[in-house]
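S.K.: Sequence:
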Amino acid sequence: MTRKLIFEVEEHRCPVCGAVNDVVVDYERGQVICKNCGTVLREGVADLGPEWRKPESSRAYSGPIGSSMGDIEFGNVKIADKLKALSLKKFARPISTPLERIEVDIREFLEAAKQKLNIPKAVIEDTVMLYKKLYDAGYRAPRLEGYAAALYFTLKKHGVAAITLRSLAENLGINRSSFISAYMELMRVANKLGIKPPRIDPKIYIPRIVSALGIGDEKSAEVQRIAVDILRYILSSPRIRNGRKPQVLAASAVYYACYIAGVEVTQKELAKATDTTEGPIRDLLKELSEILYIEVTV
1 MTRKLIFEVE
11 EHRCPVCGAV
21 NDVVVDYERG
31 QVICKNCGTV
41 LREGVADLGP
51 EWRKPESSRA
61 YSGPIGSSMG
71 DIEFGNVKIA
81 DKLKALSLKK
91 FARPISTPLE
101 RIEVDIREFL
111 EAAKQKLNIP
121 KAVIEDTVML
131 YKKLYDAGYR
141 APRLEGYAAA
151 LYFTLKKHGV
161 AAITLRSLAE
171 NLGINRSSFI
181 SAYMELMRVA
191 NKLGIKPPRI
201 DPKIYIPRIV
211 SALGIGDEKS
221 AEVQRIAVDI
231 LRYILSSPRI
241 RNGRKPQVLA
251 ASAVYYACYI
261 AGVEVTQKEL
271 AKATDTTEGP
281 IRDLLKELSE
291 ILYIEVTV
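Counting in full-length UniProt numbering, the sequence shown runs without a single skipped number right up to 298 at its last residue.
Accuracy of the hints is not assured; some may be wrong.
Pairs of lysine to aspartate or glutamate, DMTMM-like flavour, derived with a Cα cap of 25 Å [stated by the list, open to error]:
| id | residue 1 | residue 2 |
| --- | --- | --- |
| 1 | 245 | 278 |
| 2 | 272 | 217 |
| 3 | 132 | 185 |
| 4 | 196 | 126 |
| 5 | 157 | 136 |
| 6 | 133 | 217 |
Hints in this document: simulated from the structure, not taken from any laboratory.
Between the sequences and the hints, there should be enough to build the whole structure, so can you do that?
M.R.: So, in structure tokens, the structure goes:
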């Protein structure tokens, strides 16, 4: 890389040896030096010329410095800055279709949701793709509720159990009933497109429920291990598992695991930890009490 130093054309007379215009320019220090005796005749020569890349550079950019994205695309900048700039360039272009405007809007919504709920990047990208497909097929739920419904669908698909329907609605400031309506409409359009609802393994809810119950570290691992075994038995019976939410199945397994491990927990506490109501849990526990045989050694 070389730089061109530009200075006014004037007569340079050395005050030491008297040589006239017998000078050399130090391009690194910006100095004019007498060739005859080495006296510095002038300092601080301004660098007014443009920066040029070496001829062998196959992607040289010859436009004005800082006036185009070419400096970012092909310049010698940090990779993080380059990616950020290219991303800005993508969204700086004119938006011509409604679907493009929708993508920009939902990405802003998801970015805000990511800050509050720590959503994985893969979930965000899948949510954008899902919503675009649904919108193209006629999905027209209210803006925020529609975005949240697509996000919740994708979270369930990826098995993210930490973010529940309630926490999603509360953190994003969305009306719960409107959100549920938007989700039901999403399921209808998704079914029309052949997009199957995500199958959720109830086992992913066990650690979150146990953690929410505040069980100590000594008993926590034991309760989780027993709950997984009980849940395996529950899932082996289609009559019991069919039509019930995965959270309810996991909560019932945790309830019996707590009983076996000697941890006291009420159905109300369990429902709160599961982010559901007591009714479904109570009904399942009653049904399980008729078929489960638990032997406790005192």
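S.K.: If a hint holds in the structure, say so; if it does not, say that too.
M.R.: Verification of the supplied hints:
Distance check on the hinted pair: residue 245 and residue 278 sit about 13 Å apart at the alpha-carbon level, within 25 Å; holds. Using a Cα cut-off of 25 Å, the hinted pair residue 272 and residue 217 holds, with the two alpha carbons roughly 20 Å apart. For the hint pairing residue 132 with residue 185, the CA-to-CA distance comes to about 15 Å; that is within 25 Å, so the pair holds. With a C-alpha separation of about 15 Å, the suggested pair residue 196 and residue 126 falls inside the 25 Å cut-off, and the hint holds.
For the hint pairing residue 157 with residue 136, the CA-to-CA distance comes to about 21 Å; that is within 25 Å, so the pair holds. For the suggested pair residue 133 and residue 217, the alpha carbons sit about 45 Å apart, so the restraint of at most 25 Å is broken.
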